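Work out the full structure, taking the sequences as your base and the hints as a guide.
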Amino acid sequence: MPKVHIESALYERARKAADAIGYSSLEEFVAHCIENELKKLNIEEAEKHVTNQLRGLGYIE
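So for the sequence shown, numbering that gives the first Met the number 0 puts the first residue at 0; every next one is plus one.
Simulated from the structure, these hints should not be mistaken for laboratory data.
Quick caveat: nothing in here was measured; it's all calculated off a predicted structure.
A hint or two may mislead.
Lysine to aspartate or glutamate pairs mimicking DMTMM-like chemistry, simulated, CA-CA at most 20 Å apart [stated by the list, open to error]:
(1) K47 to E36
(2) K2 to E36
(3) K47 to E60
(4) K15 to E26
(5) K38 to E27
(6) K39 to E27
(7) K15 to E27
(8) K2 to E26
(9) K2 to E34
(10) K38 to E26
(11) K2 to E27
Pasting the structure below:
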């Protein structure tokens, strides 16, 4: 399994958040956070694609 190194302060904040929210582990919480961020990137890419298409069709400048 790959490992990621983060600052101790960030690790502690994430651990406390995972406990407070009710995740079974810090790893589960971090995986969920990463998944959410990746979903946002896909949405942003799709919006850019649509914007470029509309610009190409002359609907927006």
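Verification of the supplied hints:
no. : hint       : in the structure
1   : K47 to E36 : holds (17 Å)
2   : K2 to E36  : holds (19 Å)
3   : K47 to E60 : holds (14 Å)
4   : K15 to E26 : holds (12 Å)
5   : K38 to E27 : holds (17 Å)
6   : K39 to E27 : holds (19 Å)
7   : K15 to E27 : holds (13 Å)
8   : K2 to E26  : holds (11 Å)
9   : K2 to E34  : holds (16 Å)
10  : K38 to E26 : holds (18 Å)
11  : K2 to E27  : holds (14 Å)
The structure meets every hint from the earlier list without exception.
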